[in-house]
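Undergrad: What follows is each chain in one-letter form.
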Amino acid sequence: MKILLDEEKCVGAGQCVLAAGDVFDQRDSDGIAVLLDEHPGQERSGAVETAAQLCPAQAIRIEKG
Amino acid sequence: MRDVVVVGASAAGLAAAETLRREGFDGRLTLIGDEPGPPYDRPPLSKQLLAGDWEPERLRLRSDEALAALDARLIYGVRAVGLEPRRRQIRLSDRDQPLGYDGLVIATGVIARRLPFGHELAGVHVLRTLTDALALRDDLREARRVVVIGAGLLGAEAAAVARTMGRDVTLVDPVAQPMHHQFGPEIGAVVARLHLDHGVGLRMLTSVTGLAGAGGRVTGVHLDDGTLAPADVVLVAIGARPATAWLDGSGLALTDGVDCDQTCRAGDSIVAAGDVASWLDHETGRRIRVEHRSNATEQGMTAARTLLGSTLPFRPIPYFWSEQFGVRIQAYGTWTADARVRIVDGAPEAGRFTAVYESGGRVVGVLGWNAAREVRNLRKLLE
Ligand SMILES: Cc1cc2nc3c(=O)[nH]c(=O)nc-3n(C[C@H](O)[C@H](O)[C@H](O)COP(=O)(O)OP(=O)(O)OC[C@H]3O[C@@H](n4cnc5c(N)ncnc54)[C@H](O)[C@@H]3O)c2cc1C
Ligand code: SF4
Chain A
895 MKILLDEEKC
905 VGAGQCVLAA
915 GDVFDQRDSD
925 GIAVLLDEHP
935 GQERSGAVET
945 AAQLCPAQAI
955 RIEKG
Chain B
64 MRDVVVVGAS
74 AAGLAAAETL
84 RREGFDGRLT
94 LIGDEPGPPY
104 DRPPLSKQLL
114 AGDWEPERLR
124 LRSDEALAAL
134 DARLIYGVRA
144 VGLEPRRRQI
154 RLSDRDQPLG
164 YDGLVIATGV
174 IARRLPFGHE
184 LAGVHVLRTL
194 TDALALRDDL
204 REARRVVVIG
214 AGLLGAEAAA
224 VARTMGRDVT
234 LVDPVAQPMH
244 HQFGPEIGAV
254 VARLHLDHGV
264 GLRMLTSVTG
274 LAGAGGRVTG
284 VHLDDGTLAP
294 ADVVLVAIGA
304 RPATAWLDGS
314 GLALTDGVDC
324 DQTCRAGDSI
334 VAAGDVASWL
344 DHETGRRIRV
354 EHRSNATEQG
364 MTAARTLLGS
374 TLPFRPIPYF
384 WSEQFGVRIQ
394 AYGTWTADAR
404 VRIVDGAPEA
414 GRFTAVYESG
424 GRVVGVLGWN
434 AAREVRNLRK
444 LLE
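Protein chains in written order, with the numbering used here: chain A, 895 to 959; chain B, 64 to 446.
In case anyone wonders, no lab produced these hints; they're calculated from the structure. Possibly wrong hints are sitting among the right ones.
Restricting the straight-line Cα-Cα distance to at most 20 Å, the calculated cross-link-like pairs of lysine to aspartate or glutamate (EDC-like) are [claimed, not checked]:
| # | chain 1 | residue 1 | chain 2 | residue 2 |
| --- | --- | --- | --- | --- |
| 1 | B | 110 | A | 924 |
| 2 | A | 958 | B | 128 |
| 3 | A | 958 | B | 86 |
| 4 | A | 958 | A | 924 |
| 5 | B | 110 | A | 901 |
| 6 | A | 903 | B | 120 |
| 7 | A | 896 | B | 118 |
| 8 | A | 896 | A | 931 |
| 9 | A | 896 | B | 231 |
| 10 | B | 443 | A | 931 |
| 11 | B | 110 | B | 195 |
| 12 | B | 110 | A | 902 |
| 13 | B | 110 | A | 916 |
| 14 | A | 958 | B | 134 |
| 15 | A | 903 | B | 183 |
| 16 | A | 903 | B | 134 |
| 17 | A | 903 | B | 86 |
| 18 | B | 443 | A | 902 |
| 19 | B | 443 | A | 900 |
| 20 | B | 110 | B | 446 |
| 21 | A | 958 | B | 118 |
Could you build all of it, start to finish, from the sequences and the hints given here?
TA: Given below as structure tokens:
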């Protein structure tokens, strides 16, 4: 699976880090999310889907495959 | 359960529908909303959309493909007008035939409150829907003087956008500081400073007594100190009330929106979520209702699980954010009138700080001012 992050939409809520801290982090300067892992393995799909769902800015998209 | 109807096609309704599917519900799913198009996100309405930085397409909550993958009947532009829980039927605005369900999700959100006068005048706006936001945006393009009535989240954000567009802006509210209800007086004062520094005229501790107009268009706002604040555009941002009129007479308890138990259940095979729904806090027994974007998703997810048989209580840590003049304010938890605020790091003068709210020896809220990462770490104090 591939994760697409829209930095412009991200509001730095950090819900993604709370849901999947091994895949997402936040920049120190402004809290905007960064991907630690653009292609996480299938075993992370549950956590990543939760992150995408909880992101209040709808900034995370997942491409399957 | 073979047939679930979701009323309200926005953040909470969509989260409930998606969770039902994700948790294996494979029966019939119907999503009904009274707005004309597909679900969109509201927070940008008072930010990027109002400023003209984003167009409506950018606000779509889901692409057409993602909506198709829901495998649901999507009915837009239709309003639910009645509920008969004993028959498990709802009545819709566009047909005589009632619609049956064996599981119902109520996610109808809130409706902008209006002043008891003045809304017939051109130039007077409320801000809740995409239609509202586009109308306000059009009017702001031509405006010179803007008065925003109500200095809550919405009013403060819209005032900041109008000011950034170069308009002459006045923000009026009977409370002492902008965003007083969200943040309390001390942080409210920091918000006030931010607006003053950018040239917004603040008229706090001031009420509106009437609107003035000429030729059908608003010309100003009468204030209770006897003065008139001239305006060619007025935004009324005085809060919202739960969209429950269609539930009158249904037998559901409606003391604070739709009253739910700890699990978001409102009645027999009925759950509710989002801005419209209050729930019982499982620790304090207090009834809580919040109007925040994250809550809509989280409560929608819990409500869907409850409908599928889960008995886990809804235990969120409320979160919300706001953006004004490039400052991003984020808060977890809730500010209560007896809470005391303490700055833990940074300083308002430095344009970056974090603060905690304490009440009865406990941390009840944390706040970050341009400090997203730090506030996420402080969130631990609330767990
Ligand atoms: C301008 C603006 C800015 C905001 N900014 C922020 C922010 O910065 N941070 C934050 O945390 N929150 C913010 N919010 C709040 C956030 O948008 C809401 O909490 C969220 O939209 C709630 O989602 P919901 O699905 O519960 O309700 P809503 O989004 O209100 O959706 C309810 C839907 O149900 C429909 N409906 C109502 N009655 C019926 C009926 N009888 N039949 C059929 N359909 C019906 C409505 O038309 C609507 O489409 C903002 C809100 C607004 C308006
Ligand atoms: S949850 Fe969304 S908004 Fe928050 S930091 Fe992650 S990507 Fe950004």
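Undergrad: Does each hint fit the structure? Answer for all of them.
TA: Verification of the hints:
1. B:110 / A:924: With a Cα-Cα distance of about 18 Å, the restraint between residue 110 of chain B and residue 924 of chain A holds, given a limit of 20 Å.
2. A:958 / B:128: holds, 13 Å
3. A:958 / B:86: Between residue 958 of chain A and residue 86 of chain B the Cα gap is close to 18 Å, so the pair holds against 20 Å.
4. A:958 / A:924: Outside the cut-off at roughly 29 Å; violated.
5. B:110 / A:901: holds, 16 Å
6. A:903 / B:120: holds, 13 Å
7. A:896 / B:118: violated, 26 Å
8. A:896 / A:931: Holds, at roughly 9 Å.
9. A:896 / B:231: violated, 46 Å
10. B:443 / A:931: It is violated: about 24 Å lies between the C-alpha atoms, which goes past 20 Å.
11. B:110 / B:195: Between residue 110 of chain B and residue 195 of chain B the Cα gap is close to 13 Å, so the pair holds against 20 Å.
12. B:110 / A:902: holds, 13 Å
13. B:110 / A:916: Distance of about 31 Å is beyond 20 Å: violated.
14. A:958 / B:134: Distance ~18 Å between residue 958 of chain A and residue 134 of chain B Cα, so the pair holds.
15. A:903 / B:183: violated, 36 Å
16. A:903 / B:134: violated, 27 Å
17. A:903 / B:86: This hinted pair is violated, its Cα atoms lying about 28 Å apart.
18. B:443 / A:902: Answer violated: residue 443 of chain B to residue 902 of chain A is near 27 Å, above 20 Å.
19. B:443 / A:900: The hint is violated at about 27 Å.
20. B:110 / B:446: Distance ~31 Å between residue 110 of chain B and residue 446 of chain B Cα, so the pair is violated.
21. A:958 / B:118: violated, 27 Å
Violated hints, listed in ascending order, are 4, 7, 9, 10, 13, 15, 16, 17, 18, 19, 20, 21; each of the other numbered hints is respected by the structure.
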